[in-house]
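For the record, the sequence lines run as chains Y and E.
In case it helps, the working numbering puts the first sequence at residues 9 to 515.
In case it helps, the working numbering puts the second sequence at residues 371 to 726.
Derived by calculation from the structure, the hints in this document are not laboratory data.
If you're wondering where the values come from, they're calculated on a predicted model, not measured in any experiment.
Beta carbons: idealized from backbone N, C-alpha and C, even for Gly.
Just to be clear, a hint being listed does not mean it is correct.
As the list claims (entries may be wrong) - Derived CB-CB ranges, DEER-like:
(1) E:ALA701 with Y:GLY116: 45 to 51 Å
(2) Y:GLY116 with E:PRO602: 27 to 33 Å
(3) E:LEU651 with Y:GLU358: 53 to 59 Å
To be verified - Within a straight-line C-alpha distance of at most 30 Å, the following computed DSS-like cross-link-like pairs (lysine-lysine) qualify:
(4) Y:LYS55 with Y:LYS242
(5) Y:LYS333 with E:LYS720
(6) Y:LYS399 with Y:LYS242
(7) Y:LYS382 with Y:LYS399
(8) Y:LYS140 with E:LYS720
(9) Y:LYS140 with Y:LYS115
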Amino acid sequence: MHAFEAQDIRKSYGGVHALRGVGLAVRPGSVHALLGENGAGKSTLVKIMTGVTRPDSGVLRLDGRDVAFANTAEAAASGVAVVSQELSLFPHLSLLSNLFPMREPRKGLLIDTREMLRRAEPILEQLGVDAKPSVLVEDLSLADRQLVEIAKALVTQPRVLLLDEPTSALEGGATERLLEILRVLRSRDVGVVFVSHILQEVMSVCDEVTVLRDGEMALSADPIAHHTVPTLVKAMIGDKVVATETVARADVEDLAGSAEGVLQVTGLSLASGVHDVDLTARPGEIVGLVGLAGSGPTDVLRALAGIVRPTAGTVTLPGGRPAPKGQRAHVAAGVAYVSGDRRRYGLMLEKPIWENMVQVRSMGMARDGLVMRKASLIERAQGHVERVGIKVGSIADDVSSLSGGNQQKVVMAKWLDNAPSVLLLDDPTRGVDVGARAEIHGLLRGASNGGAVVLMCSTDLEEVVAACDRVVVFYRGRAVAELEGERITTQTMLELINTGVPEEATA
Amino acid sequence: MKGTLMSPRVKADEPSASPPSAPTRSTLPSFLTSGLNIRALTGADWFSALAALLLLVAVIGLMNPAFFSTTQLINVVQQSVYIALMAAGIAFLLTQGEVDLSVAGNYVLTGIVASLLIQGGMNTWLAAAIALLCAVGVGAFNALIVQGIGINSLIATLAMGWVLRGLAAAVSEGKQIIGMPVSDPFFAILGGGKVLGLPVSVWILIIVVALLTVVLRATPFGYRSREIGSNPDAAAFAGIPVNRNKTYGFLLSGGLAGLAGLLGLAFFTSGDPTSGGGFELFAVAGAVIGGNPLTGGIATIFGAAIGAILLKTVGVGLVYFSIPAVWSQFATGAIIILAVSLNGLMARRKARRKKT
Numbered sequence: 009m010h011a012f013e014a015q016d017i018r019k020s021y022g023g024v025h026a027l028r029g030v031g032l033a034v035r036p037g038s039v040h041a042l043l044g045e046n047g048a049g050k051s052t053l054v055k056i057m058t059g060v061t062r063p064d065s066g067v068l069r070l071d072g073r074d075v076a077f078a079n080t081a082e083a084a085a086s087g088v089a090v091v092s093q094e095l096s097l098f099p100h101l102s103l104l105s106n107l108f109p110m111r112e113p114r115k116g117l118l119i120d121t122r123e124m125l126r127r128a129e130p131i132l133e134q135l136g137v138d139a140k141p142s143v144l145v146e147d148l149s150l151a152d153r154q155l156v157e158i159a160k161a162l163v164t165q166p167r168v169l170l171l172d173e174p175t176s177a178l179e180g181g182a183t184e185r186l187l188e189i190l191r192v193l194r195s196r197d198v199g200v201v202f203v204s205h206i207l208q209e210v211m212s213v214c215d216e217v218t219v220l221r222d223g224e225m226a227l228s229a230d231p232i233a234h235h236t237v238p239t240l241v242k243a244m245i246g247d248k249v250v251a252t253e254t255v256a257r258a259d260v261e262d263l264a265g266s267a268e269g270v271l272q273v274t275g276l277s278l279a280s281g282v283h284d285v286d287l288t289a290r291p292g293e294i295v296g297l298v299g300l301a302g303s304g305p306t307d308v309l310r311a312l313a314g315i316v317r318p319t320a321g322t323v324t325l326p327g328g329r330p331a332p333k334g335q336r337a338h339v340a341a342g343v344a345y346v347s348g349d350r351r352r353y354g355l356m357l358e359k360p361i362w363e364n365m366v367q368v369r370s371m372g373m374a375r376d377g378l379v380m381r382k383a384s385l386i387e388r389a390q391g392h393v394e395r396v397g398i399k400v401g402s403i404a405d406d407v408s409s410l411s412g413g414n415q416q417k418v419v420m421a422k423w424l425d426n427a428p429s430v431l432l433l434d435d436p437t438r439g440v441d442v443g444a445r446a447e448i449h450g451l452l453r454g455a456s457n458g459g460a461v462v463l464m465c466s467t468d469l470e471e472v473v474a475a476c477d478r479v480v481v482f483y484r485g486r487a488v489a490e491l492e493g494e495r496i497t498t499q500t501m502l503e504l505i506n507t508g509v510p511e512e513a514t515a
Numbered sequence: 371m372k373g374t375l376m377s378p379r380v381k382a383d384e385p386s387a388s389p390p391s392a393p394t395r396s397t398l399p400s401f402l403t404s405g406l407n408i409r410a411l412t413g414a415d416w417f418s419a420l421a422a423l424l425l426l427v428a429v430i431g432l433m434n435p436a437f438f439s440t441t442q443l444i445n446v447v448q449q450s451v452y453i454a455l456m457a458a459g460i461a462f463l464l465t466q467g468e469v470d471l472s473v474a475g476n477y478v479l480t481g482i483v484a485s486l487l488i489q490g491g492m493n494t495w496l497a498a499a500i501a502l503l504c505a506v507g508v509g510a511f512n513a514l515i516v517q518g519i520g521i522n523s524l525i526a527t528l529a530m531g532w533v534l535r536g537l538a539a540a541v542s543e544g545k546q547i548i549g550m551p552v553s554d555p556f557f558a559i560l561g562g563g564k565v566l567g568l569p570v571s572v573w574i575l576i577i578v579v580a581l582l583t584v585v586l587r588a589t590p591f592g593y594r595s596r597e598i599g600s601n602p603d604a605a606a607f608a609g610i611p612v613n614r615n616k617t618y619g620f621l622l623s624g625g626l627a628g629l630a631g632l633l634g635l636a637f638f639t640s641g642d643p644t645s646g647g648g649f650e651l652f653a654v655a656g657a658v659i660g661g662n663p664l665t666g667g668i669a670t671i672f673g674a675a676i677g678a679i680l681l682k683t684v685g686v687g688l689v690y691f692s693i694p695a696v697w698s699q700f701a702t703g704a705i706i707i708l709a710v711s712l713n714g715l716m717a718r719r720k721a722r723r724k725k726t
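With the hints as constraints, model all of the structure from the sequences given.
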């Protein structure tokens, strides 16, 4: 019998079919991979299985019984626990308190901390958490917090545990640690659903695999032994491979500013742990920065954008000018920082498309005088819409009405509007579908051909392979390797970001 | 309580713990250098307010020894009871990311309602109970506006404060409600009674602070309040009934403002529609200075009370520093800005230290 089964699940959001009859069946004591591209319906299925949202139709079965969850607490109470990508801990509370939200053991009216400790101690020990239960979660390392998340799931004695991209928060040695955790889970006969986009990892830890594509089943509970990374990729993207080809968009060449020389980073150190990084980026090439979360690439990018101040080292902008102080001064000097977190850093969602597009140059930098001429702003924005290739009804519509890919193109447009000579991109295609992703890469190539210096971070190594000419690999705050041309492969980069040592050296 | 399992912050927050037992750091101006011992975070938060209070008392006393008399010190605490009670209630809202600025209006209205009923011949305790119920009802109304309609609590309760104060002025026709039966036990005990040398109202404050500390540290409601403020998304995700929990916070805050109003009535023996001026400022500022940041997630009831007493002491101290009466509001406001700024700078320093 399966520990947990989802059958023929359908779900649509406002006429868009997110799931069209998909299923997933987990055996107890096994690890089941759930794969799919962004937008394939993976996260919707996870949400349904954990009670965050309810399906339009379909059946959920736990140990053979039909179940329906009104919310996450109910799912947890029934034995379905989840460890989500975004840590859901309470930083101001102690480790122990964090393990029992909404299910605190009680003694009369009061909370029974002794009982909490009695239940938590064996689990913490098994997971190898050394921190004292009384320590505040905000004082724990990222890796320990991840373990606390898993411990929190385990105190409910779950039948099923969903691990939603768990390694993104685990630091170096992530895979060994993960294997150890999975060993614990297997020994407890828990059915594990493992969601990840690091395929190597999936290959090494999972027993079975289910793949979703465009809201439909592409693979259903296949033994992982029948697969290799290429066959999994094929199952995930199907026949769309052609659409991922990058075509440089010539329209934007003259939008981006032309860098007079290289961007030079010498001996850069940051408070976050980045140490002594040297880096050169030339106009006309796209440089990728990769590494595990917390290992440095994002921090370096933020330092180049003037968001964090270096503790040591120098940054020289193209043209030999030293980097100014502060974020605004960087923007004025022609540096653009495009974040993949467009809702937070990129857009004013409830404002028209045109207003978003002219925001940096006309409002932020006030380069078009003190009086805004709406007609000319709209005209300029309309030009961008065509150059950047945004599918849009009216430029007066709110940005929120656009799809994720088109929203991200608006973010690109608003920065290109300021004619940047240095373009920094942090995970620029997060949550963007494959087609739009290729188009955004085309924009980068266009800007690069136009003479801009382009640096990009991405958590998606396939994206780095597709978009970058040169890659700098980070490991524990240091730039440990540089790859170029043919040597940029997912395999090599995975190896390097996890070990810090190139293949040849370990062999 | 279960001493072995308590986190340091739990220990640190018990009002009975004497300052030195807080696992603190270096020497004297610890409220300036705080943050050295991360594990005593919350302890440090109320500890700095307490240290500042003791320092202030010492300074005033040194400049004017008359201040050191027991009667004078007890007097200051007695006068602080009203805002301290409100600050304690507000602490439960601040930690959840909400605030209640209607407490001063609620305080005034409760006094007016009770005094009018008593003036009309009702039994004092019954009148007090009805007035208290009204105060809790105001809390419910606040919750309805904030949770039900979804209005930011800052503006909703600020306006509610005006409504309540205006209502009090209208029903009292702007006049003091006098003619209270002063010898009645309600007035004799709550207003003038003493136990072991301390006024009854001070005892009530002590009991409320102790009780609410247990509620905050050891009940599901207390846990959830802190969880909601610490990570609102995670709280909702964990199935915590966020709206219900915040509603309890508003009810509690309303009830405590009502209790303060009744104690005020018992002490002053008249309902005064013009009393309680600026109490909301003192209560919120007191709570913040005492270690309840506006960003939520952290709370200390003892600290909130200490913060309120600290601000009252400043007010009393101004008299001793012979600040002209016309300047006293200016000076009080300036000192509150100074205290809150200092508090904020320290918190930021602590956060920065933690990051590196």
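Results of checking the hints against the structure:
no.	hint	in the structure
1	E:ALA701 with Y:GLY116: 45 to 51 Å	holds, 48 Å
2	Y:GLY116 with E:PRO602: 27 to 33 Å	holds, 29 Å
3	E:LEU651 with Y:GLU358: 53 to 59 Å	violated, 34 Å
4	Y:LYS55 with Y:LYS242	holds, 25 Å
5	Y:LYS333 with E:LYS720	holds, 24 Å
6	Y:LYS399 with Y:LYS242	holds, 28 Å
7	Y:LYS382 with Y:LYS399	holds, 22 Å
8	Y:LYS140 with E:LYS720	holds, 21 Å
9	Y:LYS140 with Y:LYS115	holds, 23 Å
The structure is inconsistent with hint 3 alone, although it conforms to all the rest.
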